[in-house]
Each structure stands twice: as structure tokens, then as C-alpha cells.
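Participant: Please work from the sequences and hints to get the whole structure.
There are 2 protein chains.
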Amino acid sequence: MESSLLGQSFVGFRRTTDRGSSFKALNPATRQELEPSFFTAAEKDLDAAVSLAEEAFRSYGSLSGAARAAFLRAIASEMEASGDELIARAHLESGLPLARLQGELARTCGQLRMFASVAEEGSWASARIDRADPSRKPLPKPNVRSVLRPLGPVAIFGASNFPLAFSVAGGDTASALAAGTPVIVKAHSAHPGTSELTANAIQRALRTCRLPEGTFSMLFDGGFSIGSALVRHPGICGVAFTGSLKGGRALYDLACNRPHPIPFYGELGSCNPLFILPGAMRARGSQIASQLFQSITVGGGQFCTKPGIVFLPPQNATKEFLATLNAAVVQSSPFTMLTPGIGSAFSNAIANREQEGTVAVAARSESQTSAQSVAAQPILFDTSVATYLSHPELEKEIFGPTSLLVHYGAMKELLDAARALDGHLTVTVHAEEEDVKEFSELLSILEKKAGRLIYNGFPTGLEVCHAMVHGGPYPATTDSRSTSVGSMAIFRFARPVAYQDFPDGGLPQELQNSNPLKIWRLLDGSWTKDAA
Amino acid sequence: MESSLLGQSFVGFRRTTDRGSSFKALNPATRQELEPSFFTAAEKDLDAAVSLAEEAFRSYGSLSGAARAAFLRAIASEMEASGDELIARAHLESGLPLARLQGELARTCGQLRMFASVAEEGSWASARIDRADPSRKPLPKPNVRSVLRPLGPVAIFGASNFPLAFSVAGGDTASALAAGTPVIVKAHSAHPGTSELTANAIQRALRTCRLPEGTFSMLFDGGFSIGSALVRHPGICGVAFTGSLKGGRALYDLACNRPHPIPFYGELGSCNPLFILPGAMRARGSQIASQLFQSITVGGGQFCTKPGIVFLPPQNATKEFLATLNAAVVQSSPFTMLTPGIGSAFSNAIANREQEGTVAVAARSESQTSAQSVAAQPILFDTSVATYLSHPELEKEIFGPTSLLVHYGAMKELLDAARALDGHLTVTVHAEEEDVKEFSELLSILEKKAGRLIYNGFPTGLEVCHAMVHGGPYPATTDSRSTSVGSMAIFRFARPVAYQDFPDGGLPQELQNSNPLKIWRLLDGSWTKDAA
Chain F
1 MESSLLGQSF
11 VGFRRTTDRG
21 SSFKALNPAT
31 RQELEPSFFT
41 AAEKDLDAAV
51 SLAEEAFRSY
61 GSLSGAARAA
71 FLRAIASEME
81 ASGDELIARA
91 HLESGLPLAR
101 LQGELARTCG
111 QLRMFASVAE
121 EGSWASARID
131 RADPSRKPLP
141 KPNVRSVLRP
151 LGPVAIFGAS
161 NFPLAFSVAG
171 GDTASALAAG
181 TPVIVKAHSA
191 HPGTSELTAN
201 AIQRALRTCR
211 LPEGTFSMLF
221 DGGFSIGSAL
231 VRHPGICGVA
241 FTGSLKGGRA
251 LYDLACNRPH
261 PIPFYGELGS
271 CNPLFILPGA
281 MRARGSQIAS
291 QLFQSITVGG
301 GQFCTKPGIV
311 FLPPQNATKE
321 FLATLNAAVV
331 QSSPFTMLTP
341 GIGSAFSNAI
351 ANREQEGTVA
361 VAARSESQTS
371 AQSVAAQPIL
381 FDTSVATYLS
391 HPELEKEIFG
401 PTSLLVHYGA
411 MKELLDAARA
421 LDGHLTVTVH
431 AEEEDVKEFS
441 ELLSILEKKA
451 GRLIYNGFPT
461 GLEVCHAMVH
471 GGPYPATTDS
481 RSTSVGSMAI
491 FRFARPVAYQ
501 DFPDGGLPQE
511 LQNSNPLKIW
521 RLLDGSWTKD
531 AA
Chain P
1 MESSLLGQSF
11 VGFRRTTDRG
21 SSFKALNPAT
31 RQELEPSFFT
41 AAEKDLDAAV
51 SLAEEAFRSY
61 GSLSGAARAA
71 FLRAIASEME
81 ASGDELIARA
91 HLESGLPLAR
101 LQGELARTCG
111 QLRMFASVAE
121 EGSWASARID
131 RADPSRKPLP
141 KPNVRSVLRP
151 LGPVAIFGAS
161 NFPLAFSVAG
171 GDTASALAAG
181 TPVIVKAHSA
191 HPGTSELTAN
201 AIQRALRTCR
211 LPEGTFSMLF
221 DGGFSIGSAL
231 VRHPGICGVA
241 FTGSLKGGRA
251 LYDLACNRPH
261 PIPFYGELGS
271 CNPLFILPGA
281 MRARGSQIAS
291 QLFQSITVGG
301 GQFCTKPGIV
311 FLPPQNATKE
321 FLATLNAAVV
331 QSSPFTMLTP
341 GIGSAFSNAI
351 ANREQEGTVA
361 VAARSESQTS
371 AQSVAAQPIL
381 FDTSVATYLS
391 HPELEKEIFG
401 PTSLLVHYGA
411 MKELLDAARA
421 LDGHLTVTVH
431 AEEEDVKEFS
441 ELLSILEKKA
451 GRLIYNGFPT
461 GLEVCHAMVH
471 GGPYPATTDS
481 RSTSVGSMAI
491 FRFARPVAYQ
501 DFPDGGLPQE
511 LQNSNPLKIW
521 RLLDGSWTKD
531 AA
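If you're matching them up, the sequences are chains F and P in order. Note that the numbering used here has the first sequence beginning at 1, numbered continuously upward. Note that the numbering used here has the second sequence beginning at 1, numbered continuously upward.
It is possible that some hints are incorrect.
Identical copies look the same in the list; a pair holds intra-copy or inter-copy alike.
When the alpha-carbon atoms are kept at most 25 Å apart in a straight line, the in silico DMTMM-like pairs for lysine to aspartate or glutamate are as follows [stated by the list, open to error]:
hint, residue 1, residue 2
1, Lys529, Glu121
2, Lys437, Asp504
3, Lys529, Glu120
4, Lys518, Asp530
5, Lys141, Glu121
6, Lys137, Asp84
7, Lys412, Glu55
8, Lys518, Glu447
9, Lys246, Glu35
10, Lys141, Glu433
11, Lys412, Glu54
12, Lys437, Glu55
13, Lys412, Asp382
14, Lys141, Glu80
15, Lys437, Glu413
16, Lys319, Glu432
17, Lys518, Asp504
18, Lys246, Glu356
19, Lys137, Asp524
20, Lys412, Asp422
21, Lys141, Glu447
22, Lys319, Glu354
23, Lys24, Glu55
Hints listed in this document are in silico derivations from the structure and should not be mistaken for laboratory results. These numbers were taken from a predicted model, which means no experiment stands behind them.
Facilitator: Set out below in C-alpha cells:
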């Protein structure tokens, strides 16, 4: 299989040929390097990719929604056609189970098709029309119409933990292409082969749809220089990033400190606090414990939505909950982590936490790990609200199969802990009818802390739908007004443009009198599909 | 009249009493200082205002749209009731004509009532509902709902050039209050008395509506320390600013470099390029010239939307156009500028431009100005596209009654000039049927350069409506995805929050099954007012 991989960047349809510094992917299950070598792109390749993207934007940016939809569907079909190869390589590069990757491929293609439908239907562009009134006093009213238009070429940085769904053809790329912006992907160095296979699929779709080559490029980078240069490049109009707080903040700072700042959508992680109220603990403590164990350890705890802090009520039922949860952890097998870097970050964070002794170890897996794989053993910590509140570092995300259990006493303690929370992607509350008063008090605080609130469920397992918000106040993201999952993700790559007193033929189709696209429009303040 | 003014900041309903450094307003028509003294707020006042705003947010942030609407309408009524006093003081502090200020008060109250209607109708909150499907395979589909929720307390910096419509109760404040965010205004030091009278009106409305005092505070600042501290304050969740590129960029940098960055909406100005195509020049050159003179000099050229660069075709008709335009400039009277700072910035910029000699003076007012007022004489400059393109500094805004005429030769030259444009608030094209090919080529470039495109009109005279975009790529604004005028301005102060598997009673009203607010919602992907 490796023979089909060239290890060179994609500058439109051209593959680069320079052979500067190189890197290889590593199989975390065996610590074996995988062939072939991948070569870090040169700055001139980056410049060429941006020039092609700017050129492509002239036509791709004003392509019809139907044509963009056809392209997105073609990408999905091409990925499905290469599914076995993609999944096999992603399995080698990530250590993720094949079944999980099959599901992830289905999700990725589902996302592409959802954005295809959104682009094709067209109402996302939020067309608004205020008709003229030449007889208005004291001044005639002009004819003003506005619609969302694509930002221009954008840079996308995929994440290591979803080599398909949050990578080269993931939700960021799908939503950007749906909005009409050409995309330059900085391939994640942990799964370059999967990235190359995906880029091949996208390029086949581009050719099938006869679209300009600059609509998609992809650059390899074994370090950080190409990624940084991409964010600073004057031709780049926006950035989407999923990854660590440290890396994301560094790139965000570059985006804001440019001579011409650009939008930066960084999804930087989260502890996803989970609150169990007394009634819920009494009613179904053991059941919550079993499901919580699954949620903490799914994907080896390497989900942005993993519950990393769990607040527990002062009850007898909590003992049973802990017995169930701790037993599951003790008996659990080690997980293969995505990369040696993530593996050592996890083991260092756990070792630090143990050494500091601020919180106690509640349970740890008794399984043995082998030095031949990048593995992590599940472990739980345990503390009180008082200790938690006096150690803000306990709110930092630890990426991997671990969580911190925090015991609260009176309800006031729980509310204090909630008020002290930083921004998170999600917050979850388990409650029963009898908890209604506590739930209501808690909710009024938690609504300000996260992008998604979950009732009696678990934050992992993110539904891709129209109402989804995968976002939240900093440091969960760098832009709480956006989501990186669900159809609203398309709004990240567009800006409104108004047309005043234009002749009908000079207007974008979305704004023409007859409403040729049959989309929803705000006509003189009322939503309608009628002609203007 | 001055006796009613205290010169002290508003911390909720409390007026500060410290008397630290002070400043006075100045009448630019006479250069006389106006009583009383205004005192720069102390940091402790700022802290107190933010604490009150955070407290107020708990109730104001979840108030119904109808209640917010009543408050906005009460502000408009209170301002109208104080209209004579407001206009008289604004006239003294700004030098703007009374008739203009009467129109501006009407616009300000119109904006408040427009946002009241938007908040009351409620569909702006973009409610989305994806219903559950417990039988879906391989995994059950959860019930996910989302709605826009207010950001939290925001800081607002008014502009000097619209002491009512872009100041204390201007569009920024109106849209923020409509969204549900408490507001802390940093009063503009050029019109502190007008600001105090407006703040009094807002506080009367707050009391009438029995809303928490922290919903509105206003701080005086003779310098920059309180404004900077406001942007850096951890309790502030967003900033709206209208003013200079230099000041706006400095505050933007503060907002981005916070430990927790926040959205910053800076409207920083623009040259508003205006293109005259050959057919339009032939058909109505003189008429365009007369109207262009009005657009360049309205408000003394102190509008963000003043056309500061005008591209002229190579034709005989251009001579007649120039004769008309230049004659109007030569015969024009001087304008009273808003502040000594703006007046000297204008005269320095004009003197520099003359001294550098890169471009020629085309016409200047022959009127005399008096040293007793802050006055500026209209002046036009003239150059070629070649010179224009080789001197990027010519694209910098000069605030005041001036514009740069740029003569193009072949159409290619015009397109090159268009491609080289930076971001602007507006771009205008004058064209006739015969210009259709040139117009179409130009338009495809210009759509990427501005927030609003105007056909056969003028950029000054901004309509406040649903489709308006008063925004544009940097440096026109710091966030091209937003507008500071028109009903879409409300989106600046909100973020989406999703609720997963919530009981109906625990949801915000916008998302409850029965659709009690009768708003438009995206239900399983289709817009409807139906129940879920």
C-alpha cells in the first residue's frame, strides 16, 4: 500500500518535488515507523498554493450552491471508494480500532453530504432585502440587499484524534468548501499517509467536477514553520484549527497580530464538567457510573468532549457509584494512544498530579502496559470542592483516559464550583424530578460556561446536525460565536455584503427579485420565499 | 443648562464623587471651553461598574424580548422628551448644525425602536431544533436544540462624529441591550455633556422599567487609561468601538492579547472608493459632480462613509465633471470641525500631501477661515492611477472635506487599481447600460473589498434597515463578519448555546416544544413557526 504514497505536498494538482527535511508516521501500537517519508513543504510551495487559491476563489467563490454540493458529494463518494485503503492506513497511523474508523469514515461522508445539502438549499446565506421607497420623507429610502459571501482562501489545521472527521476532508474543510472558500490544509504530521489518501480523493473529485485546481491544496510540515507561515500569509483570509490550547493560542496570536488580522477559529479543548445531582445519584448511580466510564475512556479518553471533571453529591448512593466506576477502571485494559507525544504528555500529567499529591488517586487500571506500544492506563483522581477551588490548575485538560472526581457537600459548594468554572465545550447535568430546584439554579450559571449543555447524557458522541454547537467560551475555543461541528459551522467562512440600488441582473442570484434559488429571505423584515 | 450636569461617571444608579483629573468640552465654533468639568473615573469605579453589570446580567440576560423592547422604547421616549436640551448641548459640543442634530436624534430613536422590534419579535435568536430519533441505527439520535444567547457585559466606545447616533445610546448600545448584554459606555471626551444627558435618559428608562441598575453604566475619561482598563477587564465579554484606525487597533490588540480574548468590533474608517465608468460620465457627469460634492462635504467630510478616492474615466465629459466639482469646492464655505484634534489632523494631512507633492491640488475653497473656530476648507487632489498605485499611503483616510481624484486610462488600469484596494466600508460604482461589461468585471473584484456596494448613488446617508452592512474587510473594521448599523448588528453580542436532551421546562422559551414566542425556527432543517 505504501507504494501509492509519494510523501509530497499538493499545490493544486502539482505534487512538490523538493526533498528537504522529512518525517515518517509512526504506528503507536508497535512504535514502528511507517513508510514512506513525508517532506516538509517549502515556503515557495506555500506561496504557490495561496496564489492558486486566490485565483480559484474568483470562480469557486461565486459558484452556485448546487455546483459546490456536487463537489462535496463527489469527495464523499471518492472517500468511500478508497475506504478500505483509508481505514487501513488510518488504523496504522493512529492506533484507533478499525470499527471506530469505519464509523468515522461514515460520519465524515455524512458531514460532507450535510454541507452539500446546506449549500444546495441555499438559505444559509441569510439573504435580506429591504425594498426602496422613493416617496419616503424626509429622504427617499434606498433599495438595500445583503447576503453572506465567502471570506476568501482559508487555512485548515486538522486534529490528530479524528484522522478523518476532523482532518483533511473533515468538518472544517467541508464547511469552508460549502461556503465557497478555497482550502489549504496543513496536514497533521501524525497521519500524513491518511492525509495524502484523502487529498487524492479530493483531487479526483475536483477533476470530476472540473473545478479550478487551487480550490484545494495540502502542505506537509514535520514542524511548525509552514503552519505558522500559512497563518501569517497575506492571502489567507481565515483559519480553522483543532488541537491543543498551547498550539492553538500561538496560532491565534499570529492571526490577530498580522497587519491585517483574520478570523481564527481554534477549538482548543475542554474538561467538560459533569454534575450529578442528589436525586439522579440515588435513582441511577450505578448506571451513570458504567456509562461515565465508557465516556471517559472512549477513544482512549482522547476526545475533546471527554468528561474530565465529575461533581459528586454527599450520599450513600455515591459509594455504590464509586464502587462501580472504580471497578471498571481497575479492570480496564490499557489504551493505545495516538502519538508518542500525546502518550508522554498524558503520563507526565498523571505523574505530576500524583507527585503533587493535591488530589488522591481513586482508582487505576491494574493492567500491564508494554513498552512496545504507546499506551496509557485509565486512572481516576478524587478530591473535595474546597481543594478543587483552591487549585485552578486542576481545571486544565488532561488528554487521555482520566478524570477528576470532585465531592461536594452543600448545594452552595456546588454552585460556587460552577461559578468558578472557566469556558468549556460542554457541561453535563444528571438530575431527576426531585432535583428541579438545584437544576434550575445550576443551569443559570452553566449557560454562561459552555457551548453545549447536556441533560442526563454524556458529552462524547457528538451529533452532526443543524442545532449542534461544538464551541464555547475561551479557552474551549478562541471564538465562542462559532461552532466547528454541525451546519452552523458554515457561518465561520462568510461575511455579509450589502448591495444598494443595484440593477437586478447585477445582483447575486440569492438577492434577485424573482428569488430564482427559492430560498428563505428576510423581505422588508419578514421571512419568506416570495419574490421581491 | 450646565447646572444640570454633574460631570461624574455613572456606576449603575450611583454617581461617582471623586475629583481626580478633569477635562472640559470645547465649542469648536468658538474654541470656548464649556462648563462644567468632567472627572476621569477611577479604576475602582470601573470595577464597581463591571461587578454591577455581571450581577445585572443574571436577570437582564434572560429577560424576555418583550421586556427588553419596552426598555429600548422607554430610552427613545426619554431622549425625545429631553430632545431640546440634548440637541442644544450636542450643538455646542460638536459644532454640528441644529437641523442635522434633530435628524440624528430621530435616527437614534428610530434605531432604538428598530432593535426593540427585533428583540420583541424574537426570531433573531436563530432557534434550531433537531428532534430525537431513539430508533436510529447504529446509535439513537439525541434531541439537540440551540439558540443565540447574550455574551455578557460589553464595553462600548462612541464616536465623536455622531454624538447621538454612534454614541451613548447609539446603534452599538441599542443592539447590545436588545441582545441582552449589560452595557458600560466609555463616554467620548468630545461630547461629555451630551453623553451625560443621554445617560440620564437611559437611567430614567431603567427605573421606569424596574431593571437592575448594572444594566447600564458610563465612565468619563479625559485620556485613555479607563478605556484601556475596560477592554482588559476580565468581566467584560465584548467591545464595540467606532473611531480611528490607530486607536481602534490599539484597543483591538488589548482585546486579543487578554488571557481570555474577547470579540472586538472596531469600525475604523475607510476611503470609500467611488468609480465612475465612461458611460455614466458621458450621461450625467455634471449631476454626479454636484452630488459628489455634497457627499464629500456633508458633516464637514467627517463621515466614515465619505468618498475619499474617486476614479475618473479619460473623456471629454470628465472635463465638464471637473469644472462643476471644482467650482463647487472653490465656492464652498469652511466647515466647523468636531474637535481641535480632528481639525489639526486634517490640516496636517493636507499640508503633508501638498508638501510631498505626489499629487496635485485640483481645487480648494477660496473662503477665509477664522482662527477663532476649528475650521477646515474643502480641498481636492488629483493624480493618475500609475502614481496612485505606486504610493499606497494615498489610500489612507483623511477625515474631513477632501477627496482624491484618480484619472484612469484603459480599463485595465482601473481593474488594477480595484485589485490593489485595501478593505473599505463601501465601494460605489456609477455606470450606465453601456458600461455593463466593465461593471461586471469591476464588481467581481470589488465584492471582496467592502461591506457595501452602491450602484449609481453615494455612500453617505446610511440607511438603518435589516439588510444594511456597515462593515468590511480590515482596515475598515476589525471584524468583517459583522455590521455596526442595521438589525444584523445584534448578532455581535450573542453566541449559540446548544441544549441536548433537555426537559421542555428547562429550555429557554425560544426552544420549547410549543413555540410560545411564535418565532421562526429551523425544525429538523426546515424553517417554520410550527410547534416541535
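Participant: Run every hint past the structure and note whether it holds.
Facilitator: Tested hints:
1. Lys529 with Glu121: So Lys529 and Glu121 pass the 25 Å test inside a copy (12 Å) and across (19 Å) alike.
2. Lys437 with Asp504: between (56 Å within a copy, 15 Å between copies)
3. Lys529 with Glu120: both (15 Å within a copy, 23 Å between copies)
4. Lys518 with Asp530: Classified as both; 8 Å inside a copy, 20 Å across copies.
5. Lys141 with Glu121: between (31 Å within a copy, 23 Å between copies)
6. Lys137 with Asp84: between (68 Å within a copy, 22 Å between copies)
7. Lys412 with Glu55: between (59 Å within a copy, 17 Å between copies)
8. Lys518 with Glu447: Cα proximity of Lys518 and Glu447: across copies only (23 Å, versus 36 Å in one copy).
9. Lys246 with Glu35: Answer is neither: 30 Å inside a copy and 52 Å across each miss the 25 Å cutoff.
10. Lys141 with Glu433: Intra 55 Å, inter 23 Å, cutoff 25 Å: inter-copy only.
11. Lys412 with Glu54: between (56 Å within a copy, 19 Å between copies)
12. Lys437 with Glu55: Close across copies (20 Å), not inside one copy (58 Å); limit 25 Å.
13. Lys412 with Asp382: within (20 Å within a copy, 71 Å between copies)
14. Lys141 with Glu80: Between copies only: 23 Å across chains, 53 Å inside a chain, cut-off 25 Å.
15. Lys437 with Glu413: within (15 Å within a copy, 70 Å between copies)
16. Lys319 with Glu432: Only inside one copy: Lys319 and Glu432 sit 19 Å apart there, 81 Å across copies, limit 25 Å.
17. Lys518 with Asp504: Classified as within; 16 Å inside a copy, 33 Å across copies.
18. Lys246 with Glu356: within (22 Å within a copy, 47 Å between copies)
19. Lys137 with Asp524: Answer is within: at 18 Å inside a copy they meet the 25 Å cutoff, but 43 Å across does not.
20. Lys412 with Asp422: within (18 Å within a copy, 54 Å between copies)
21. Lys141 with Glu447: Classified as between: cross-chain Cα gap 23 Å, same-chain 41 Å, threshold 25 Å.
22. Lys319 with Glu354: Only inside one copy: Lys319 and Glu354 sit 23 Å apart there, 83 Å across copies, limit 25 Å.
23. Lys24 with Glu55: neither (32 Å within a copy, 54 Å between copies)
When each numbered hint is compared with the structure, violations occur for hints 9 and 23.
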